[in-house]
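**Student:** Residue-level listing of the chains:
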Amino acid sequence: MKNTFAKRIIPCLDIKDGRVVKGVNFVGLKDAGDPVAVAKRYNDEGADEITFLDITASVEKRETIVDILEKVAQEVFIPLTVGGGIRTLDDIYRLLKVGCDKISINSHAIRNPNFIDDAATRFGSSTMVVAIDAKKTGDSWHVFINGGRIDTGLDALAWAKEAESRGAGEILLTSMDCDGVKNGYDLALTATMSQMLGIPVIASGGAGKKEHIRDAFLNHADAALAASIFHFQEIEILDLKRYLQEEGIAVRL
Amino acid sequence: MITLIDYNMGNLRSVQNAFTKLGVSIEVTQDPQKLAKADKVILPGVGAFGDAMLSLRSNGMGEAITEFARSGKPLLGICLGMQLLLESGEEFGSHKGLGLIPGKVVAFDTALFAQKLKVPHMGWNELFVQKSSPLFAGLPKDFYLYFVHSFHATCKEEYVIGKSFYGYEFVSAIAKDNIYGLQPHPEKSHENGLAILKNFIRM
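If you read the protein sequences in the order shown, they are chains W and P. For the first sequence, counting from 1, position 34 maps to 34 in the numbering used here; every step adds exactly one. If you want the numbering used here, it's the position in the second sequence, counting the first as 1, plus 1000.
Derived from the structure by calculation, the hints contain no laboratory data. Note that the structure is predicted; figures quoted are calculated from it, not measured. Where a beta carbon is used, it is the ideal one built from N, C-alpha and C, also for glycine. Some hints could be false.
[As the list claims (entries may be wrong)] Estimated spans, in silico, between C-beta atoms of each pair:
id, chain 1, residue 1, chain 2, residue 2, range
1, W, G18, P, V1106, 44 to 50 Å
2, W, N112, P, A1111, 34 to 40 Å
3, W, G148, P, K1131, 50 to 56 Å
4, W, R94, P, E1158, 56 to 62 Å
5, P, L1022, W, D31, 22 to 28 Å
6, W, Q233, P, S1058, 50 to 56 Å
7, P, S1025, W, G18, 26 to 32 Å
8, W, E211, P, Q1115, 32 to 38 Å
9, W, E236, P, E1090, 42 to 48 Å
10, P, S1058, W, D44, 41 to 47 Å
11, P, A1036, W, D67, 43 to 49 Å
12, W, Q245, P, D1006, 39 to 45 Å
13, P, E1090, W, R122, 22 to 28 Å
Chain P with its partners taken away, still in its complex shape:
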């Protein structure tokens, strides 16, 4: 069973719809205990880092995710859900993340942009695969996905599986063992996004 975590950070319906389209029913839960029985877990999320961590800590969901990650079974964070996998986030102050992958989340530094661009980074951009990953099986070396974010990950190269370019190069996909994170929204990224979710189902 694929379990989707509902912690009141954004709408989950599109993620559910995408899996239904792929012929897989998923369980949506607010109950941390359900994670113990899950085969795969998805941590979605739209909103602010600090609020999200507060919500995950309020009912033991944060610990349950950490516990699940130790099991070696696949965990996928999407958008804010990816950012939460890292150690800290700098959105409205500094906040501690789940720390499952070493690294932190920082705001787009528009002073470093090669050209004038608007923030949030909202729209379609390419993900350049940096390292072979089961998540990107069957996909080309670079392909378009849909992004909506003002903050991005920074981490050691060893955890980077995808990069994108918006004003400068930034980390758009990360992985460490069984833990995966995607900055873009596969559930809103047409066929490329559905291909990624299909790969996750097959893991």
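So that you can see chain W by itself, here it is in the shape it has in the complex:
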């Protein structure tokens, strides 16, 4: 029996006020802004997991993310992760209760590191993803918050290690330098962090072509997350997976 454990491909949907944003132009979707329709599409195309990032600004409209995930979970039978604006154990509970599998926390965990311990104790480590937005600062990477505007001064590798020891089950690692540039993931950061940790690292930020995703996997990423390349169908998930398989990387086909 050979190693068949698959590297995961994770499309990410940015959700604002209940709609998928960042522009989606899926062919054949009547409503390309409907999160349920987009999630179903990704599911059909072979996504291994789907991540929803809630970027809704107003507190009143936050409840819509729970409704959305409830509907998605009735149609899509792969793991679902939600992040953005998670601040309480009750926020997590309500999302898990409707059928979400993992919850991603970011700035709230930085301000209140004990929240990772509390959430992991209550819901299990495999449920808790800690998202880290990292930016090269001198010879190291610092953790940034507020969409890359605020430098927390924390060392990204040290923070990842702390998150793991506090019970995080996975790290979603976004390179603020590479995000949106489509010139590839930050391979040095991904490789260093992934080899240092005993929990999976999801590489995020920078995917522009298939080779970038292959390179992330060759540099020890356990999963690769991307948004725009999948939204605009620059890369079809199925084609990507066939390519990765030809390159000798185990994928679920």
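For chain W, the structure is supplied; the task is to place chain P on it using the hints.
**Tutor:** Chain P only, in chain W's frame:
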């Protein structure tokens, strides 16, 4: 009626959703007496072995499951629910399981891994069918399913219906007569998972 046991070990909504998608309504219960009237029973579960057994023993659910298993009607354990079907588990100390299938639950022994891998085993991996089973009817001889676990079953070959490879070969599906257990989560395993649940409905 398919009855899903709720014993406060993890969320059941995804399992319910999967059956709803397949056009079958299922009953979710915390009441051991409901098992007597069930046609099929599912024991799900996410969490620690010892806590789960404590919870099953607190209200007679453990005995009710054993009683149901004797009826010859299909019983399916998923993830931790599969592990509980065995005789014992070694998670945070040694705990007695339901003992419906001979065998025990052990931690992944990373010292034996052929390559460096992370534990828990979390993600998509293949199940290699070891023996024909109605659970796998219509499925290929190996196929991908979604796993999340740090412990796995060990038992005699006669009870093994599926194996997977993570660092080494381990038992990922078991069966004895009318009792079935799956380490992966069929409710999170896309079409292959739904096919397994459909097979369970047809039993």
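**Student:** Now tell me, hint by hint, if it's right for this structure.
**Tutor:** Hint by hint, here is what the structure shows:
1. With their beta carbons about 46 Å apart, W:G18 and P:V1106 fall inside the hinted range of 44 to 50 Å.
2. Checked against the hint of 34 to 40 Å, the C-beta distance between W:N112 and P:A1111 comes to roughly 36 Å, which is consistent with it.
3. The beta-carbon spacing between W:G148 and P:K1131, approximately 54 Å, falls within the hinted interval of 50 to 56 Å.
4. For the hinted restraint 56 to 62 Å between W:R94 and P:E1158, the CB-CB distance of approximately 44 Å leaves it violated.
5. Range check, P:L1022 to W:D31: about 26 Å between beta-carbon atoms, so the 22 to 28 Å window is met.
6. Between W:Q233 and P:S1058 the Cβ separation comes to about 52 Å, which falls inside the hinted range of 50 to 56 Å.
7. The beta-carbon spacing between P:S1025 and W:G18, approximately 28 Å, falls within the hinted interval of 26 to 32 Å.
8. The hinted range of 32 to 38 Å is not satisfied by W:E211 and P:Q1115, whose Cβ atoms lie roughly 24 Å apart.
9. Checked against the hint of 42 to 48 Å, the C-beta distance between W:E236 and P:E1090 comes to roughly 44 Å, which is consistent with it.
10. Between P:S1058 and W:D44, the C-beta spacing of about 43 Å keeps the proposed range 41 to 47 Å intact.
11. Roughly 37 Å separates the CB atoms of P:A1036 and W:D67, a value that falls outside the hinted 43 to 49 Å.
12. A hinted range of 39 to 45 Å for the beta carbons of W:Q245 and P:D1006 is consistent with their spacing of about 40 Å.
13. Restraint check, P:E1090 to W:R122: a C-beta distance of roughly 23 Å satisfies the suggested window 22 to 28 Å.
Checked against the numbered hints listed earlier, the structure breaks hints 4, 8, 11; every other hint is satisfied.
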